[in-house]
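So the chains spell out like this:
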Amino acid sequence: MVTRTAEPRTHYLNVSYGVMSWLLTLDHKRIALLYLISITLFFFLGGAFAVLIRLELLTPAGDLVESETYNKLFTMHGVIMVFFFLIPSIPAVLGNFLIPMMIGARDLAFPRLNLASWYIYTLGGLFTLVAAIFGGVDTGWTFYTPYSSIYSNTHVILTALGVFIVGFSSVLTGINFIVSIHKMRAPGLTWFRLPLFIWAHYATSLIFVLGTPVLAIAIVLVALERVFGFGIFDPALGGDPILFQHLFWFYSHPAVYIMILPAMGVVSEVIACFARKRVFGYKFVAFSSLAIAALGFLVWGHHMFVSGQSVFASLVFSFLSMLVAIPSAIKVFNWTATLYRGAIAHDAPMLYAFGFIGLFTIGGLTGIFLATTAVDVHVHDTYFIVAHFHYIMVGGAVMGYLGGLHFWWPKMTGRMYPEGWAKLGALLIFVGFNLTFFPQFLLGYLGMPRRYHFYPDEFQVLNVMSTAGASILGVGYLIPMVFFLWSLRYGSAAGANPWDAKGLEWQTPSPPPPHNFPETPVVKEEAYAYSSQEAERG
Amino acid sequence: MSLGFPLFPEQASTVAGRVDALYFFLVAISVFFAGLIFILVAYFAIKYRRRPGRKQADPVPDHVGLELAWTLIPLGIVMVSFIWGARLFVTLSRPPADALEIAVVARQWMWKFQHPTGQREINELHVPIGRPVKLTMASEDVIHSFFVPAFRVKMDVVPGRYTTAWFEASRTGEYHLFCAEYCGAQHSGMTGRVVVLELAQYQQWLRGRIVAEPPEVVGERLFAQLGCNACHHPDRPQLAPFLEGVYGTQRLLVTGETVIADEAYLRQSILDPAAAVTAGYAPIMPSYRGRVTEEELSQLIAYIKSLEKIQTTRSP
Amino acid sequence: MAEGTTVLEHQFDDLDQQREASSLGMWVFLITEIMFFGGLFAGYAVYRSTYPDAFAEAGLHLNVLVGAVNTAVLILSSLTMALAVHAAQVDRRKALVVFLLLTILLGTVFLGIKVFEYADKFRHELVPGYAFAFEGPHAREATIFFSFYFAMTGMHALHMIIGIGILAVLTVLVRRGRFSSEYYWPVELTGLYWHFVDIVWIYLFPLLYLIGRA
Amino acid sequence: MAAHIVPKRVYYLVFATLLLLTLVTVDVAFYDLGILSFPVAMLIATTKALLVIFYFMHVRYSSPLTWVFAIIGFFWLMILIGLTMADYLTRAWISLAGG
Chain F
0 MVTRTAEPRT HYLNVSYGVM SWLLTLDHKR IALLYLISIT LFFFLGGAFA
50 VLIRLELLTP AGDLVESETY NKLFTMHGVI MVFFFLIPSI PAVLGNFLIP
100 MMIGARDLAF PRLNLASWYI YTLGGLFTLV AAIFGGVDTG WTFYTPYSSI
150 YSNTHVILTA LGVFIVGFSS VLTGINFIVS IHKMRAPGLT WFRLPLFIWA
200 HYATSLIFVL GTPVLAIAIV LVALERVFGF GIFDPALGGD PILFQHLFWF
250 YSHPAVYIMI LPAMGVVSEV IACFARKRVF GYKFVAFSSL AIAALGFLVW
300 GHHMFVSGQS VFASLVFSFL SMLVAIPSAI KVFNWTATLY RGAIAHDAPM
350 LYAFGFIGLF TIGGLTGIFL ATTAVDVHVH DTYFIVAHFH YIMVGGAVMG
400 YLGGLHFWWP KMTGRMYPEG WAKLGALLIF VGFNLTFFPQ FLLGYLGMPR
450 RYHFYPDEFQ VLNVMSTAGA SILGVGYLIP MVFFLWSLRY GSAAGANPWD
500 AKGLEWQTPS PPPPHNFPET PVVKEEAYAY SSQEAERG
Chain W
0 MSLGFPLFPE QASTVAGRVD ALYFFLVAIS VFFAGLIFIL VAYFAIKYRR
50 RPGRKQADPV PDHVGLELAW TLIPLGIVMV SFIWGARLFV TLSRPPADAL
100 EIAVVARQWM WKFQHPTGQR EINELHVPIG RPVKLTMASE DVIHSFFVPA
150 FRVKMDVVPG RYTTAWFEAS RTGEYHLFCA EYCGAQHSGM TGRVVVLELA
200 QYQQWLRGRI VAEPPEVVGE RLFAQLGCNA CHHPDRPQLA PFLEGVYGTQ
250 RLLVTGETVI ADEAYLRQSI LDPAAAVTAG YAPIMPSYRG RVTEEELSQL
300 IAYIKSLEKI QTTRSP
Chain V
0 MAEGTTVLEH QFDDLDQQRE ASSLGMWVFL ITEIMFFGGL FAGYAVYRST
50 YPDAFAEAGL HLNVLVGAVN TAVLILSSLT MALAVHAAQV DRRKALVVFL
100 LLTILLGTVF LGIKVFEYAD KFRHELVPGY AFAFEGPHAR EATIFFSFYF
150 AMTGMHALHM IIGIGILAVL TVLVRRGRFS SEYYWPVELT GLYWHFVDIV
200 WIYLFPLLYL IGRA
Chain S
0 MAAHIVPKRV YYLVFATLLL LTLVTVDVAF YDLGILSFPV AMLIATTKAL
50 LVIFYFMHVR YSSPLTWVFA IIGFFWLMIL IGLTMADYLT RAWISLAGG
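Chains F, W, V and S, in that order, are what the protein sequence lines are. Quick note: the first sequence uses numbering that gives the first Met the number 0, first residue 0, plus one each step. Quick note: the second sequence uses numbering that gives the first Met the number 0, first residue 0, plus one each step. Quick note: the third sequence uses numbering that gives the first Met the number 0, first residue 0, plus one each step. Quick note: the fourth sequence uses numbering that gives the first Met the number 0, first residue 0, plus one each step.
Keep in mind that the hints were calculated from the coordinates and are not lab data. Hints may be right or wrong, so weigh each one.
[Said to hold, decoys possible] Under the rule of at most 30 Å between Cα atoms (straight-line distance), these lysine-lysine pairs were calculated in the BS3-like manner: (1) W/Lys-133 with F/Lys-523; (2) V/Lys-93 with S/Lys-7; (3) F/Lys-523 with F/Lys-282; (4) W/Lys-111 with F/Lys-282; (5) W/Lys-111 with W/Lys-133; (6) W/Lys-46 with F/Lys-422.
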């Protein structure tokens, strides 16, 4: 089972050396690492903006930075975290690395497109960074018209161009995943033998492909209006600024599922492995991913209940938004049921999975508040929303990403991370996260609007709690950063399958050879056949 | 509150309690399901932890009945929430007919209000208790949002059109008014207060303000200054329709469609007369876009609306 | 087959798999294109339903004859593209080159006519943001119509230019003998893209040129 | 799975039909069909688009997977346009005070 290497074995990391061997690589595993480095940079950049935001909100007065600066801070935080960290995070790093291995392929279908997608990502990132350096942008990550198209005098075009460009990288990734999953599966690997990680990424890729172009055209239209004076959303010409919101949220609501679906895929893998059980209700979990992707496109209007959208449309969107809660609930119940009578190990990836379930449950349940029209009227654009989407995006997506990173780190690097530190990091992140964002639910219902630079005094205590939590959260994020780097040199060798996990990616050495498998594997059993493994051993 | 800082907003409107009731229903649902999940996960994680003697899991077959249960039960619950919310939302969207009508103009970064009797306020709104108040809101620049947490009322103010909101204050006092839609540099400074007074105090407050002309009087003067009465005049029925009693009626358009002559229609007819011409008339009216401000526009509309009340004898 | 093996990329098992994957990839890409233009169509639908008269009146300022001729040119280019794919399938390299060049030529003619039309709009000051001298009661909303006219036809023209670029590269590769009846799908995929751009125009033509004619 | 080779005759036929339909749609545009003029124009355009998709783009001879993705594209386009219009076409439904 375990591959012993007497002499240095050729793997994807040592097959060639030099900067160019990385910058021109077509190997999906190396491209995944390129993405890992870039999105980590953006994560800490976005995090730095968050630190400044939380420090400013420590006191009710606007005393740390000017209002203009504060507005740029939350805008850059949102733009960078959403478009340059969360959306590419799990798909571009873990998905890129694992999908070919999980389906028993030598690479993705289009390796050159894969590399191109990283360059496009980098180019988009550069535009956004240049915009930030030249003074930033202050429209909010939502770029609402007519503020963005006419009134703002910051670097809207440069930033929007960055977002536009990075969209192409999403599209290319999506095409690559869809085609690979359809056409490159190993012999015997039928759809219902696929790991749930693959199902989740398939659903995610559909959103990439169907949604991203609509955001792209929305941005193009804003640019045409801003640069050339076209009349598209301009009320002075009879244009409707709300049309922009429709186009924007057609992508940006499903984008939330781009973030959470892959995390759900990670959690399915981790729970199955550490409970040593097949995921309960496999087909329901698999199809609920597709259901989320499909229904996710029908609900965007719940961002617009108080926008001046028609009352009838709001009711339709409210109804449809309720439906999307169901597949999410199905997943949570099935994960919980998977734990029943399992053999549960409490390693760090599993702690992240537990954290994910808890935080996603809260995020999902508060989503029902927002889908309920009359309650949303009150909490819309308050800190309740901020808390809700951070529970989904950070409590959900980032916990999933970190859990996945811990889980597959041995596979990616061939090294183990220090388990004690990892558990400490997971604990700090969980505690810090809740302390940061739970008070924001209370703030939101009290009525504190989002994007406020200064605020009435009575909101201060909860804001102080939130800032205190953020500092714990910040430390929590630094810990894995440090020990992952440490493990590259000092971590113990991992072996092919340190978790004794199922799945094709664990059947090849760590780090994997350049083309993943010595010969194409043939699949004879379903995913997560942990009990049959037991039977084999007698 | 003993904590020294609030954890729950005041209820100062007739709908606040109803919104909160739904909110608490959802909180109860959330606590139940989140609690259920947390307890089960924690219980399973401990009871079935891996230990000597428990290296492998017990196989548990899938259970379609369970899947159906946790599909259908949550579905039922969210449908309750949808229907409950929808009914309340429709209430929130329909101002009562007898409401006190206040014109709101939002701009970077202030709120301007005008009472039906002409009094104007900036960043401060005085309203009587126990009387529905309807806000007809317009923006001079970007999107803003009128938000009074204590009333549980929020509505975006969108440039180029009217949006409306309404509330009926149920408790006297001063309450926060926020702009909830990000609107630029001083967004967080675009705040104010709503002062709820007893009816007598409100009337006293109205009397105490500098006597301004009621909006319909200013509107009437504008109507003459802008030359509207050159065509909209009983002597020239072939040129333009009478405006007496026009507000709130069904209008047949040249396209064959009918519209209700509400604020939005009157606004459109002043700014873009050609967009919806009343049947039987030629599209000869010039646009007044750029020639009237949002406030003048609301005064003109107030005048046209007032014609309904003044005019008692109607041509047959 | 010797030629075939050189084009087989390492991640695929055989040429059939590679061809199917490439074809599926192209179709998925075309979906993104549908959604990209879809945003424009949705915006158009919103404003056309809001300002039907203004759109009808503004549409009269476009030249139906020119639009119809351009439609015919584009349909003809789709035919030559389809014939190019056919020539590639039956290994007739000379015919393939001829049809590709014809397609490029027709695409260029289309763009030439488009330039002529744009110049006309500039001359008559019907360009939002540059000079807009539309007369009539609907002048304001007509700005929106012409904004969409330029955004839609501009995006379409951009796709045409990209398509012509791809066709040019393809022609060079064909002359270098890179393709055969076994490995011809780059021609086919380019064809898919070209036909898609044609379809977009098939909708743009009635939406922009033909409304309000009666 | 060898590629299907479509006879050239089919291409010429499709081309002729497309030209004919172009003439028809131009001609029809000059008759006042009232509210029907828009649906008729779209019907003709869709017929033309389907001809191109089925024959020039070979979908008629393609695998079910290609059909699925082609349909998904247009279906999602309809979602985008349909739900957006669900807002714009119903804005007047709850308008005047008291409703």
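Now the hints, each set against the structure:
no., hint, verdict
1, W/Lys-133 with F/Lys-523, "69 Å, violated"
2, V/Lys-93 with S/Lys-7, "16 Å, holds"
3, F/Lys-523 with F/Lys-282, "18 Å, holds"
4, W/Lys-111 with F/Lys-282, "57 Å, violated"
5, W/Lys-111 with W/Lys-133, "15 Å, holds"
6, W/Lys-46 with F/Lys-422, "20 Å, holds"
Checked against the numbered hints listed earlier, the structure breaks hints 1, 4; every other hint is satisfied.
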